[in-house]
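Student: Listed below are the residues making up each chain.
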Amino acid sequence: MNPHIDYLLRLGDSSLVMGQRLSEWTGHGPVLEEDIAMTNIALDFVGQARMLLTHAGKLEGAGRDEDALAYFRDTRAYRNFTLCELPNSGIEKGSGDGACYAFTVMRNLLYCAWQAQLWAALAESKDTELAAIAAKSAKETAYHLRHASDWVVRFGDGTEQSRARAQRALEQLLPYTNELFSSDPVEEAVAIAGIGVRGADLKAGFDHLIGAVQEEAGLALPAACGFQSTGKNGMHSEHLDFLLTEMQSLARAHPGAQW
Amino acid sequence: MNEIEWPLWEVFIRSKQGLDHRHVGSLHATDARQAVQMARDVYTRRMEGVSIWVVPSNLISASDPDDKAEMFDPMADKVYRHPTFYKLPREVEHM
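One line per chain: the protein sequences are A and B, in this order. Taking the working numbering, the leading residue of the first sequence gets 1, the next gets one more, and so forth. Taking the working numbering, the leading residue of the second sequence gets 1001, the next gets one more, and so forth.
Think of the hints as simulated: they come from the structure by calculation, not from any bench. Careful: at least some of the hints might be erroneous.
A few chain B residues that face chain A, going by a derived Cβ cut-off under 8 Å, partial list only [unchecked claim]:
| no. | residue |
| --- | --- |
| 1 | Ala1029 |
| 2 | Gln1037 |
| 3 | Met1038 |
Glycine included, each C-beta is placed from N, C-alpha and C at the ideal position.
Just need the whole structure built from these sequences, with the hints factored in.
Tutor: Shown next, in the form of structure tokens:
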């Protein structure tokens, strides 16, 4: 596949899967105010996905619009980072019973801290459409980051239980951020073309943001490890299938339906 | 579920055209910072405002509804307090 399109799918799919995951909280938030906040954030992610997938579809030139890309591609064709598809309940064995807000918010913190670096760098992209999407998304991401940081700090210096949950979430999720920074031919190609950016160049800014929040929250930063997830190459965890099945069921049952 | 309820806050929003912050509702939050953030999500998601105030509800002192008769009824028959008996010069606009 054309690396340019592949790169847009990576970003678009990641936003879409984040949006779908976060939308699972709609109607189930810990308090009413937070329910609305998280639903707003989920919608922002879906908005990013719409722009990125529409752009990818146009570049591809095969007549696929945002809906075709979102609803009629299967798991292996999805290019989102594995981090985004992990269930809200966390990834420990037996943790699937209930969604964990600390895990959800920690994932938001990590992904949005990366996105903040990404949008800043992509504002200079030679793909002017992508640069415009980045400029628009940067403001949203700044708010998402603020929302997530605020909660992580509250969890960190909250109760013993909230601190333990936040710490566990950080330990489970941080290894999945390795995928955001590892290089591969797609990324290298778009970086050379001035369209995209190397993940490695975003690492310092990411570390700085996460370090500041982790310190204020009084959480311990887990040691770096070599784990590499592979969602951006289409090899996903077992969780994405379930997410897509639910997300795509309506569009597949009623192809072309409008509402 | 935690049995302790978070404090209540009254939310005031100033719209783009407005000069004053208007009361729009209330919400629960643990502190002022969080209340402002939640007010943003709950009350400004359709571009209602450009500025937010939050005030702890328990700091608001209110008139007693039982005093309504002595507080407000006497004003009902004092039309002369309304500036409707003056002729405005034509030069004065926007009155």
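Student: Does each hint hold? Answer for all of them.
Tutor: A quick look at each hint next to the structure:
1. Ala1029: holds, 7 Å
2. Gln1037: holds, 7 Å
3. Met1038: holds, 4 Å
Violated hints: none; the structure is consistent with every hint.
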